[in-house]
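Novice: Required output: the full structure, derived from the provided sequences and hints.
Numbering (our numbering), first residue to last: 1 to 449.
Any given hint could turn out to be false.
Think about it this way: if two alpha-carbon atoms lie no more than 27 Å apart in a straight line, the pair counts; the simulated BS3-like pairs of lysine-lysine are [unchecked claim]: (1) K437 x K387; (2) K178 x K137; (3) K311 x K385; (4) K437 x K419.
Hint data in this document are derived by calculation from the structure and do not stem from the laboratory.
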Amino acid sequence: MLLKTFINYFLAKRFQTLACAGLFFILAFGFVLVSAASALQAQAATPSGTVVVADFNVPVDPGSSTFISRVVTTAQSEHAQAIVIEMNTPGGLLSDMISIVGSITTANQSGIPTYTFIVPNGLGASAGSYIAMASNKILMGPGSEIGPSTPIVVGGTPLEQNHTQAAMLDYMTSLAEKWGRNTTAVYDMVQYDQAYSASEAVEVHVADGTADSLSSALTQWGLSSNPQQTLSENFYEQLLSVLSNSILDGILIIVGIIAIVLDIYHPTIVLSVLGVIAIVAGLIGAEVIDASVLGLTILVISAVLIILELKLGHGFALMAGVILGAFGIYYLSFGLQYSPSPITGIVELELGLFVVFGILIGLYIRWIIGPVRRKSKLTGAEAMKGKLGIAITDLTPKGEVRVQGEFWHAESLSGNIMKNEQVRVIELRGLVAMVEKAQMPQEKTKREK
Numbered sequence: 001m002l003l004k005t006f007i008n009y010f011l012a013k014r015f016q017t018l019a020c021a022g023l024f025f026i027l028a029f030g031f032v033l034v035s036a037a038s039a040l041q042a043q044a045a046t047p048s049g050t051v052v053v054a055d056f057n058v059p060v061d062p063g064s065s066t067f068i069s070r071v072v073t074t075a076q077s078e079h080a081q082a083i084v085i086e087m088n089t090p091g092g093l094l095s096d097m098i099s100i101v102g103s104i105t106t107a108n109q110s111g112i113p114t115y116t117f118i119v120p121n122g123l124g125a126s127a128g129s130y131i132a133m134a135s136n137k138i139l140m141g142p143g144s145e146i147g148p149s150t151p152i153v154v155g156g157t158p159l160e161q162n163h164t165q166a167a168m169l170d171y172m173t174s175l176a177e178k179w180g181r182n183t184t185a186v187y188d189m190v191q192y193d194q195a196y197s198a199s200e201a202v203e204v205h206v207a208d209g210t211a212d213s214l215s216s217a218l219t220q221w222g223l224s225s226n227p228q229q230t231l232s233e234n235f236y237e238q239l240l241s242v243l244s245n246s247i248l249d250g251i252l253i254i255v256g257i258i259a260i261v262l263d264i265y266h267p268t269i270v271l272s273v274l275g276v277i278a279i280v281a282g283l284i285g286a287e288v289i290d291a292s293v294l295g296l297t298i299l300v301i302s303a304v305l306i307i308l309e310l311k312l313g314h315g316f317a318l319m320a321g322v323i324l325g326a327f328g329i330y331y332l333s334f335g336l337q338y339s340p341s342p343i344t345g346i347v348e349l350e351l352g353l354f355v356v357f358g359i360l361i362g363l364y365i366r367w368i369i370g371p372v373r374r375k376s377k378l379t380g381a382e383a384m385k386g387k388l389g390i391a392i393t394d395l396t397p398k399g400e401v402r403v404q405g406e407f408w409h410a411e412s413l414s415g416n417i418m419k420n421e422q423v424r425v426i427e428l429r430g431l432v433a434m435v436e437k438a439q440m441p442q443e444k445t446k447r448e449k
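Specialist: Rendered as structure tokens:
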């Protein structure tokens, strides 16, 4: 009995010991797993040290907006140390500028600072100045410039212009205030079209300093030893940038229509294919920038006039269509907000050359294609209808005839016709003249009696 009690006691103690050991093992294993997971998470959150450099030598448009969005996404996925915008831009669309500033804000919220370096002799102008102002730090190269920042509503009313300018004043000053910059100086950039050189910008505390090169700027930011990954616009982004030019969009549409019209005069299919591609590209670009309805309406009327040229054939309809199309191209950007204005002296010169091009095409149709088409009507199948000829063989009902000195295979539509009898051509079917016996004057007189 005592032995049994001792055995039970021994087994119970043994079981408790094993249970405690098992529990300790489970807790220890769990602690190791949690520690490993925490270490991995900490490692994932730790910046990789890479500096993502964005080559921003482009206008501010849908292409560059998409590009900066990709830059930020890349920096986030690689846990980059910083983003550097290497800037040289004349500005562009305000809507895309706001989108780029939003991408910079997203990067900052991810713990990735964004720095802007305006390259030597480069521009951080107009819409570009807002992007620079949204950056954590701004450095400027020798000969560079920041501003002016006055927005332009193309074709807008004074009320629309004042409304947009007031909104951009608040926007710019809030960006400057966020990073401790001189709000009065940036106010002048928007309100009074003020621009600053590198030294002036540092003096009025719009920029944080100067640097001779990108490597010098990286040194000042403490990033000189970090690996760099430079990104530029890819093909898709470059295409978006090209198609976001309203002047080019309008020219593509009109030139595409002219190409199709010319291809009808000179059937080759090549011009038609190129014309369709140009029209589609122009329409896509107009959609990308949300072109004005007025400009598109004028272009439609212009297209109708150009197509009408196929019916008229004297060249004037095409010339009128091109001249009207130039106005449509000009109005495509109306109502859009830019900084600076896209309508410049160079653009007006381009539109003038475009009108000259249209007039030359119209004159080509009038003086070269038109006479050729009219001559072809006089010498072709239409010219043969009604002509008189002589049967040089019996037509029973097939044979041969001579019409205007030319020999033709012929087929009679009025029964058998004897050799040397006069015939009249009714029509041509391929290379066969369909004829009938011509009524001689004496036969006609007898019938009338």
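Novice: In ascending order, which of the hints set out earlier in this document are inconsistent with the structure?
Specialist: none
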